[in-house]
Structure formats: C-alpha cells, structure tokens
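For reference, the chains in residue letters:
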Amino acid sequence: NAGVMQNPRHLVRRRGQEARLRCSPMKGHSHVYWYRQLPEEGLKFMVYLQKENIIDESGMPKERFSAEFPKEGPSILRIQQVVRGDSAAYFCASSPATGGVSTEAFFGQGTRLTVV
Amino acid sequence: SQQGEEDPQALSIQEGENATMNCSYKTSINNLQWYRQNSGRGLVHLILIRSNEREKHSGRLRVTLDTSKKSSSLLITASRAADTASYFCATPLYNQGGKLIFGQGTELSVKP
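Protein chains in written order, with this note's numbering: chain A, 404 to 519; chain B, 1045 to 1156.
So here's chain A without its partners, still in its complex pose:
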C-alpha cells in the first residue's frame, strides 16, 4: 500500500507563473488535507477536501489559491501568479473516511516550492 504521493518534490517558478501541486492519497482514503510550512515554522492548515467537495478552506489565502479533489485523479493545489512569499513546503495528508477519536493522518513527502 503506497503512502501519500506528492509531486513534484521540488518546483521552481518565476514570479507571476502558476504552480500546480498534486497529491494522491493513500488507497482507501477519501479525505485530503493541505498544509503549508514556511521556513523555520510549523505546519499551517490550509484546506480540507473530500471527493468533489471542499469541506473547510479556512486556512486558504483569499486570492490566488485554490484546491480541488476530483472524482478521479489526484488532489490539486493551485497557486496563480506566484509571489516570493509563496515559497514554502506544501504537505498533503490523507485519512480514511471515518473520523473517529483515533483517526490518524498520513503525510506525503511534500512539495518544495521556490519562487524566483
């Protein structure tokens, strides 16, 4: 059972370009979460998705950022018109459908975005 797969591992974009980050959850997991980690900081929650639904996007910047988790295929975090401040590591996590007390999230290796 493969873990959470993120690609690319490293992404370099010039200011103003678009960045697309992909996340394939673990097999059998229908909940996907995106986090951002700025240098020297902890992870900050961005968005929580289930298939074809955004459940909670309270951590997403209001502009330029969007996320989707289509019926088929990976979850995509899209950043339009990137700026230097978007440079960070972006992590995806997945968990199974049941949200019980001991539900554990499994993290991918992250995508490190560098905006030049």
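Careful: at least some of the hints might be erroneous.
[To be verified] Below, in silico cross-link-like pairs of lysine-lysine (DSSO-like), each with a Cα-Cα straight-line distance of 30 Å or less: (1) Lys1070(B) <-> Lys1155(B); (2) Lys430(A) <-> Lys454(A); (3) Lys474(A) <-> Lys447(A); (4) Lys1070(B) <-> Lys1114(B); (5) Lys430(A) <-> Lys474(A); (6) Lys1070(B) <-> Lys1100(B); (7) Lys465(A) <-> Lys454(A); (8) Lys1114(B) <-> Lys1100(B); (9) Lys1070(B) <-> Lys1113(B); (10) Lys465(A) <-> Lys1070(B); (11) Lys430(A) <-> Lys1114(B); (12) Lys1070(B) <-> Lys447(A); (13) Lys430(A) <-> Lys447(A); (14) Lys447(A) <-> Lys465(A); (15) Lys1100(B) <-> Lys1113(B); (16) Lys430(A) <-> Lys1070(B); (17) Lys1155(B) <-> Lys454(A); (18) Lys447(A) <-> Lys1113(B).
Since the hints were derived computationally from the structure, they do not count as laboratory data. Remember, it's a predicted structure, so these values are computed and weren't measured experimentally.
Starting from the structure of chain A, add chain B where the hints point.
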C-alpha cells in the same frame, strides 16, 4: 494563535542521553499526536495518545498526556544521532483526524 506550543524550541544533547520535549495546547482534544520531521523531509507519525490515556510507549518513545494541564510530553530514551530532527505535537479539531493544528516544533540535535 497556535493550538500547540512546544518547549523548548531547540534542544542539544549527547548520544545516549534522554530528550524530553513538552507541548501545551489550548482547547479540549480527542487525541494528541507527535510527529518527527527530518530536515527537508516530510512528517513521520510517531505516536497518538487519546484523551482518556495518560501514558503511552512505543519503543524508545514515551508520551504522557495531562488533560487537566492541557499538556503533553515526549521522552526519547537513549537518544541516537539519527534522532536528530524537528518534533511537532498536533491536535485534531472537531474530531477530524486530518485537520491538525501544529505547534512550532522542537528542534532536537543529538551529537555523537
């Protein structure tokens, strides 16, 4: 504001010594989780302790939880150089396993 706050922010010890990291949180929780992150890598889940548990062990790891003080500690015994990493505590919100609130982390350095 952060739900979890780790203490200390950085810790440097010699191989073989024990390392203790603390975490405080603000709201009621169902469980608390500890993660490890090696430099430039992803997060590895270490241990989950439920709110009705007081102590849990996993290999050289020992986690305690004091819900009355809203705090948890992670003890790594007989540390190794390979334990060098950042350690984060995290708590889920609204019983959603994956929506976690992370602390700032403790950076542990174990010198051989």
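Do the hints match the structure? See the list:
1. Under the criterion of a C-alpha separation no larger than 30 Å, the hint pairing Lys1070(B) with Lys1155(B) is inconsistent with the structure, at around 33 Å.
2. At roughly 13 Å between alpha-carbon atoms, Lys430(A) and Lys454(A) fall within 30 Å of each other, so this suggested pair holds.
3. Restraint check: the Cα-Cα separation between Lys474(A) and Lys447(A) comes to about 26 Å, which is no more than 30 Å; the hinted pair holds.
4. Of the supplied pair hints, the one linking Lys1070(B) and Lys1114(B) holds, its CA atoms being roughly 7 Å apart against a limit of 30 Å.
5. As the CA atoms of Lys430(A) and Lys474(A) are separated by approximately 14 Å, the hinted pair is consistent with the 30 Å bound.
6. About 21 Å separates the Cα atoms of Lys1070(B) and Lys1100(B), which keeps this hinted pair within 30 Å; it holds.
7. At most 30 Å may separate the alpha-carbon atoms for a hinted pair to count; Lys465(A) and Lys454(A) meet this at roughly 22 Å.
8. Of the supplied pair hints, the one linking Lys1114(B) and Lys1100(B) holds, its CA atoms being roughly 16 Å apart against a limit of 30 Å.
9. A C-alpha spacing of about 10 Å is found between Lys1070(B) and Lys1113(B), which places the hinted pair at or below 30 Å, so the restraint holds.
10. Between Lys465(A) and Lys1070(B) the alpha-carbon distance is near 26 Å, which keeps this suggested pair within the 30 Å criterion.
11. Restraint check: the Cα-Cα separation between Lys430(A) and Lys1114(B) comes to about 34 Å, which exceeds 30 Å; the hinted pair is violated.
12. Between Lys1070(B) and Lys447(A) the alpha-carbon distance is near 16 Å, which keeps this suggested pair within the 30 Å criterion.
13. For the suggested pair Lys430(A) and Lys447(A), the alpha carbons sit about 24 Å apart, so the restraint of at most 30 Å is met.
14. A C-alpha spacing of about 15 Å is found between Lys447(A) and Lys465(A), which places the hinted pair at or below 30 Å, so the restraint holds.
15. For a cut-off of 30 Å, the pair hint linking Lys1100(B) to Lys1113(B) stands: about 17 Å separates their Cα positions.
16. Of the pairs offered as hints, the one joining Lys430(A) and Lys1070(B) is violated, with about 33 Å between alpha carbons and a cut-off of 30 Å exceeded.
17. A hinted pair counts as satisfied when its Cα atoms are at most 30 Å apart, and Lys1155(B) with Lys454(A) does not qualify at roughly 45 Å.
18. Under the criterion of a C-alpha separation no larger than 30 Å, the hint pairing Lys447(A) with Lys1113(B) is consistent with the structure, at around 24 Å.
Of the numbered hints given earlier, the model fails hints 1, 11, 16, 17; all others are met.
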